[in-house]
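Undergrad: Listed below are the residues making up each chain.
There are 2 protein chains.
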Amino acid sequence: MVTQNRINGVDVDRLVATVQAIQADPNLARFRFRAHTDWVSGGNAKTRIQGFYGAGQEDTSRAAPFTLEGDEPPVLLGSNRGPNAVEAVLHALASCLAVGFVYNAAARGIRVEALEFDLEGDLDLQGFLGLSDEVRPGYEGLTVRYRVKADAPREKVVELCDYVQKTSPVLDIIRNPVPVKVVLEG
Amino acid sequence: MVTQNRINGVDVDRLVATVQAIQADPNLARFRFRAHTDWVSGGNAKTRIQGFYGAGQEDTSRAAPFTLEGDEPPVLLGSNRGPNAVEAVLHALASCLAVGFVYNAAARGIRVEALEFDLEGDLDLQGFLGLSDEVRPGYEGLTVRYRVKADAPREKVVELCDYVQKTSPVLDIIRNPVPVKVVLEG
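So the protein lines, in turn, are chains A and B. All the letters of the first sequence, read from the start, carry residue numbers 1 to 186 under the UniProt record's numbering. All the letters of the second sequence, read from the start, carry residue numbers 1 to 186 under the UniProt record's numbering.
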């Protein structure tokens, strides 16, 4: 009987095999993620996410697209059909840190029992409304607080947190500039 | 009978009143958005988003929290319970651009019939996996293609697109650095 070497719900043997495959052929590390978004009405838009390219091929594992709904609350003239765009950024950041923490914990043999995040971000609406050139439209700053229960001493958890911060895709996207090309078609 | 002055599903009178209220008291523009995320298992995490502070008070308009699910696809050792974190970033960006475009169109009296976005982002997994110090963990670059049907000549649409890019919170967050404080509690 073959038993999987699972820690934290992560198949560690496959994780190691994935890392080795990419070390042997770095082209396998190239991913292209995609999304399609349709505006509905007012502040409401719907995003569908399904296929992507990665590990040398087009992924077909998702039988149906995920649908994400974005909207504004009434105070921002919307109808609360979903979280707004800057709230979705908080979700993206936390879900990225969770994956990074848990996968790297598994790779180090650390068992995680619980992991939770509280995020907050300050934003001055004068930027979005074009009322001030001195106020940026986006977050002035974000704070992420997290709590972990794991079978490792605190210094190992701190070391892991530091490593996760260095390698988190979404934390990098938020902390550092990413070039974005916006093209109007038609 | 009072009829609302609605364009694109946006109450334009309230939009104008909101801008005027903030011009009179810029403190009303200060918002603090929040999210709470619990790791579930493997690549899966759940985010709840409900309250926020803004316009001088705690918002209570959402009777229940929105729940967003994040996960990885099998090729990235997850179980496809939701889009992954960098895909969620694409949703955040498009839903932000949609709101910006439609609200500002409404303010300018431009009627939008349809608006859709195709986004893609390139990412080299060697950064996340810690296999190279020269590869950043996040997106190397994003491309947003959008198509608009509106009752305005093309140059007005282009002008609006330019303005939206200058004032989009999520585009700013992605294009420019945002300080993020990560605090391990307990």
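Since the hints were derived computationally from the structure, they do not count as laboratory data. Accuracy of the hints is not assured; some may be wrong.
No copy is singled out in the list; a pair is fine if it fits within one copy or between any two copies.
As the list claims (entries may be wrong) - Capping the alpha-carbon separation at 25 Å, the derived lysine to aspartate or glutamate pairs in DMTMM-like fashion look like this: (1) Lys-166 - Glu-155; (2) Lys-181 - Asp-118; (3) Lys-166 - Asp-13; (4) Lys-166 - Glu-120; (5) Lys-46 - Glu-120; (6) Lys-156 - Asp-13; (7) Lys-156 - Glu-58; (8) Lys-46 - Glu-185; (9) Lys-166 - Glu-113; (10) Lys-166 - Asp-118; (11) Lys-149 - Glu-134.
Undergrad: Take the hints in turn and mark each one as holding or not.
TA: Hints versus structure:
1. Lys-166 - Glu-155: within (17 Å within a copy, 43 Å between copies)
2. Lys-181 - Asp-118: For Lys-181 and Asp-118, the Cα distance is within 25 Å only across copies (12 Å; inside one copy 32 Å).
3. Lys-166 - Asp-13: within (24 Å within a copy, 46 Å between copies)
4. Lys-166 - Glu-120: Classified as both: same-chain Cα gap 20 Å, cross-chain 23 Å, threshold 25 Å.
5. Lys-46 - Glu-120: Both. Shortest intra-copy (24 Å) and inter-copy (16 Å) distances satisfy the 25 Å Cα cut-off.
6. Lys-156 - Asp-13: within (22 Å within a copy, 56 Å between copies)
7. Lys-156 - Glu-58: For Lys-156 and Glu-58, the Cα distance exceeds 25 Å both inside one copy (37 Å) and across copies (38 Å).
8. Lys-46 - Glu-185: Intra 20 Å, inter 35 Å, cutoff 25 Å: intra-copy only.
9. Lys-166 - Glu-113: Only inside one copy: Lys-166 and Glu-113 sit 23 Å apart there, 43 Å across copies, limit 25 Å.
10. Lys-166 - Asp-118: Answer is within: at 20 Å inside a copy they meet the 25 Å cutoff, but 29 Å across does not.
11. Lys-149 - Glu-134: neither (42 Å within a copy, 33 Å between copies)
In this structure, the earlier hints numbered 7, 11 are contradicted, and the remaining ones agree with it.
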